[in-house]
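*Asks:* Following the hints, position chain B against chain A.
Chains as they are written, first to last, in my numbering: chain A, 245 to 458; chain B, 153 to 274.
Read the hints as simulated data drawn from the structure, not as lab findings.
No false leads were mixed into what you were given.
Label-pair distances were calculated between CB atoms; the ranges are:
#	chain 1	residue 1	chain 2	residue 2	range
1	A	Leu427	B	Gly235	43 to 49 Å
2	A	Lys261	B	Gly265	46 to 52 Å
3	A	Ser328	B	Trp229	29 to 35 Å
4	A	Asp403	B	Ala254	29 to 35 Å
5	B	Pro160	A	Leu432	37 to 43 Å
6	A	Trp329	B	Gly173	33 to 39 Å
7	B	Leu159	A	Val340	33 to 39 Å
Think about it this way: if two alpha-carbon atoms lie no more than 20 Å apart in a straight line, the pair counts; the simulated EDC-like pairs of lysine to aspartate or glutamate are:
#	chain 1	residue 1	chain 2	residue 2
8	A	Lys246	A	Asp296
9	A	Lys246	A	Asp298
10	A	Lys268	A	Asp250
11	B	Lys226	A	Glu270
12	B	Lys226	B	Glu185
13	A	Lys268	A	Asp253
14	B	Lys221	B	Glu187
15	B	Lys172	B	Asp218
16	B	Lys250	B	Asp218
17	B	Lys172	B	Glu220
18	B	Lys226	B	Glu187
19	A	Lys246	A	Asp295
20	A	Lys268	B	Glu220
21	B	Lys221	A	Glu270
22	B	Lys221	A	Asp266
23	A	Lys421	A	Asp403
24	B	Lys250	B	Glu220
25	B	Lys250	B	Glu187
26	B	Lys172	B	Glu161
27	B	Lys172	B	Glu261
28	B	Lys172	B	Asp202
29	A	Lys261	A	Asp250
30	B	Lys172	A	Glu407
31	A	Lys246	B	Asp234
32	A	Lys246	B	Glu233
33	A	Lys268	B	Asp218
34	B	Lys172	A	Asp403
Predicted, not measured: the structure shown is a model, and the values here were computed from it.
Glycine included, C-beta positions come from ideal geometry on N, C-alpha and C.
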Amino acid sequence: MKEIRDHIDAITRRAAKDASVDPKGEPRRELASHLFDLASNRALGRPVTVDDVDAAWAELAPQAIYLLQEDDGQTKAIALGAASWIPRFAAYVADVAGLIVAAATIIVPLNYIPVVLPERGIVLFVGVMFAGLVFALTAFEVGRGATPGKLLLGLRTVDANGESPSWVRAWIITIPKVFPPLLVADVLLGVLTGLSARRRLTERIVNLSVIQVN
Amino acid sequence: MGIQEDLPEEVARWRREISKGHLRLALLSILNEGESYGYQILATLHARGDGVLQPTEAAVYPMLRDLEKRGFLKSRWHATEDGVPPRKYYRLSPTGAKLLLALRQSWKEFRNGFDEFAGGQE
Chain A
245 MKEIRDHIDA ITRRAAKDAS VDPKGEPRRE LASHLFDLAS NRALGRPVTV
295 DDVDAAWAEL APQAIYLLQE DDGQTKAIAL GAASWIPRFA AYVADVAGLI
345 VAAATIIVPL NYIPVVLPER GIVLFVGVMF AGLVFALTAF EVGRGATPGK
395 LLLGLRTVDA NGESPSWVRA WIITIPKVFP PLLVADVLLG VLTGLSARRR
445 LTERIVNLSV IQVN
Chain B
153 MGIQEDLPEE VARWRREISK GHLRLALLSI LNEGESYGYQ ILATLHARGD
203 GVLQPTEAAV YPMLRDLEKR GFLKSRWHAT EDGVPPRKYY RLSPTGAKLL
253 LALRQSWKEF RNGFDEFAGG QE
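Isolated chain B (complex conformation):
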């Protein structure tokens, strides 16, 4: 397989790596808009941002639990109707809100700095 054929795969791999790193910021941003649960968060991630983030359940759920364990999110279980499994709703904690602000600032700095490598400002 030549280099030309490898390029799309290489670009796809880079995008996956970039997406992984940005998932945390995206999750916190979505929860900043209001309480939400795993399935809904996943659907929002897929629907927004022109589909640049396409995480799987396997990436999102463990990250949500990790953020909660570290105090950036809080959660509650909400039982819906009879026979329907209850849902776990996540929301930002005050510390999570501060983290979101810090990550957003950091992202701006990173993006401005990295534009020099990526080919300049748009």
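If we strip away everything but chain A, and leave its shape as in the complex, we get:
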């Protein structure tokens, strides 16, 4: 049982640190208590295991930064505890790579189909295809709370309630990603104007955060 408690302590201390909340404070201790109760619920009467704790944490983690808040859950709290830029950049690179591979998978076979398209038609086709792929990325954000790249890196996009974003909000944060200079500006403005250095400007405007869940 000491192993379980130490494991819970390690998880919740890291969460508190990520959320810029005092790791000795009561919110972290309450998070630990809740995590244990969730794990016990999973264990269903048998001794709680580390796997139970990890599974419970996977369920609880998207809300962890909200549980750790001192106030009654307003906007400023979610500026704390967002994922750092390195995994986010890695997720972006993974998504771009995925888009390129998907595009190539569609375009390359077309070279072998004896259809002659006018130049404008090709441009329109490529444009529609990319728009479709960006739509697919947004659909992931709405449906799973993360793009494929974010899923790979253990990141989630959440709103103030810890839930996946709506379509409108997901579009707003996705659009800058299509134009890298715009994305750079989005990041810089977010860092320069925000309470926390970990949110893009568009994310602050629509009140979303990207958090690390594992």
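*Replies:* Structure of chain B alone, referenced to chain A:
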């Protein structure tokens, strides 16, 4: 997406907004029955009232702390067995009990008044 498809989402959104506003009254009512801790309070909220309130941990815990900070609740930490994280138990303060009475009265007035808009008394 047409208006027909939007209706369930719109109703769901309204219910979430209504639930948020009623959570405070529900929390105080549960604690009026006796001391309790966060996980248990959450489970009770989900189990009662035909599931009309389905708050998340993220809504309940900060509200409990806020109510305590404002003097409506008191709390104590209770260490259970070795290796198990201690639990924070909340209970109503005398001021909290008065707030509960006031909120219940206010809810009755609001409900009676609003029935006219909602389609009359049942």
